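K.L.:
Fit chain B to the given chain A structure using the hints.
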Amino acid sequence: MKKFLLPRWTRYIGLVIIVPMFIYFFIDPDFVGYEPDIFDFNIPVLFYEFPFSEHEGIMNEANLLNELLLSLALLASWLIGFSRVKVEDEYTWLLRLESMVLALFINLLILFVTNFIIFGTLYLWVMMFQLFIFPLLFSLVFALRLQKQKRFSDEK
Amino acid sequence: MKNSIKVERAKNDITQARLAELAQVSRQTINAIELGKYVPSALLALRLARIFKTTVEEIFQLEEGE
Chain A
53 MKKFLLPRWT RYIGLVIIVP MFIYFFIDPD FVGYEPDIFD FNIPVLFYEF PFSEHEGIMN
113 EANLLNELLL SLALLASWLI GFSRVKVEDE YTWLLRLESM VLALFINLLI LFVTNFIIFG
173 TLYLWVMMFQ LFIFPLLFSL VFALRLQKQK RFSDEK
Chain B
1080 MKNSIKVERA KNDITQARLA ELAQVSRQTI NAIELGKYVP SALLALRLAR IFKTTVEEIF
1140 QLEEGE
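Chain order of the listed sequences is A and B.
Start counting the first sequence at 53; every next residue gets the next number (the numbering used here).
Start counting the second sequence at 1080; every next residue gets the next number (the numbering used here).
Read the hints as simulated data drawn from the structure, not as lab findings.
Model, not experiment: these values are computed from the prediction.
Cβ coordinates follow ideal geometry from the N, Cα and C atoms, glycine included.
One should not assume that every hint holds.
[To be verified] For the chain A half of the interface with chain B, some residues (derived, Cβ under 8 Å), not all of them: (1) Tyr-143; (2) Gln-201; (3) Lys-202.
[To be verified] What follows is a set of in silico ranges between Cβ atoms, one per label pair, in the way DEER data are often shown: (4) Gly-1115(B) - Arg-136(A): 24 to 32 Å; (5) Arg-60(A) - Val-1086(B): 50 to 58 Å; (6) Asn-1091(B) - Gln-182(A): 48 to 56 Å; (7) Thr-1133(B) - Pro-72(A): 16 to 24 Å; (8) Met-179(A) - Met-1080(B): 53 to 61 Å.
Isolated chain A, as found in the complex:
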């Protein structure tokens, strides 16, 4: 299973590239208003507006800031969540697996709760966060469990 893991240093790259995502989130929590011209590109667009409104041909101008940041968040969560720890062994794998199950459980709980308390177009916000919240949750739970285990064995 080790072959699926990335080198240890990729974790730090992940931590660095996730920062712009959070900065943007504080600038524009809705992820729709702040669209600098520098990120306007002509790209092939399959569906421009939900559900399938008409658009001019295949190529359309779109602001790619959101897309780039989302891609960065996905990349960062992959780099953080799947990088090797200092000593990679079978117990680490158990912790990783348990963290994944716990992250999935928390994720489902968040979905369950938001399903009842967030309505209308705001729910798109929930769906957007669902794209990368699982790997981030997994990374967080795994890091906390590793830290806890390390502290516990240090005390012993």
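P.N.:
Leaving out everything else, chain B in the frame of chain A:
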């Protein structure tokens, strides 16, 4: 499952860190095994037995009802 790794370590005067190094695992793993929080794989159990020059059955014993 109970184990006598702590006893074997004491007999052989080996620290958790040294045992971890010899077994090619982390110190946290040895600690978790000693405390019964983690049951190692057959491979690691055999490796530990070889380090202590004994058998797996000597180190790991099933508890009643297991």
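K.L.:
Would you mind marking each hint as holding or not holding in the structure?
P.N.:
Verification of the hints:
Nearest Cβ of chain B to the Cβ of Tyr-143(A): about 4 Å, under the 8 Å cut. The hint holds. Look at Gln-201(A): its Cβ gets to within about 5 Å of chain B, closer than 8 Å, so that hint holds up. Taken as an interface hint, Lys-202(A) checks out: its beta carbon lies about 6 Å from the nearest beta carbon of chain B, inside 8 Å. Between Gly-1115(B) and Arg-136(A) the beta carbons are some 27 Å apart, a value that agrees with the proposed interval 24 to 32 Å.
Taking 50 to 58 Å as the suggested C-beta distance range, the pair Arg-60(A) and Val-1086(B) does not conform, at roughly 35 Å. Checking the proposed 48 to 56 Å range against Asn-1091(B) and Gln-182(A) shows it holds: the Cβ atoms sit about 52 Å from each other. Between Thr-1133(B) and Pro-72(A), the C-beta spacing of about 56 Å breaks the proposed range 16 to 24 Å. Against the hinted window of 53 to 61 Å, the Cβ-Cβ separation of Met-179(A) and Met-1080(B) comes to about 45 Å, which falls outside the hint.
When the structure is compared with the earlier hints, violations turn up for hints 5, 7 and 8 and for no others.
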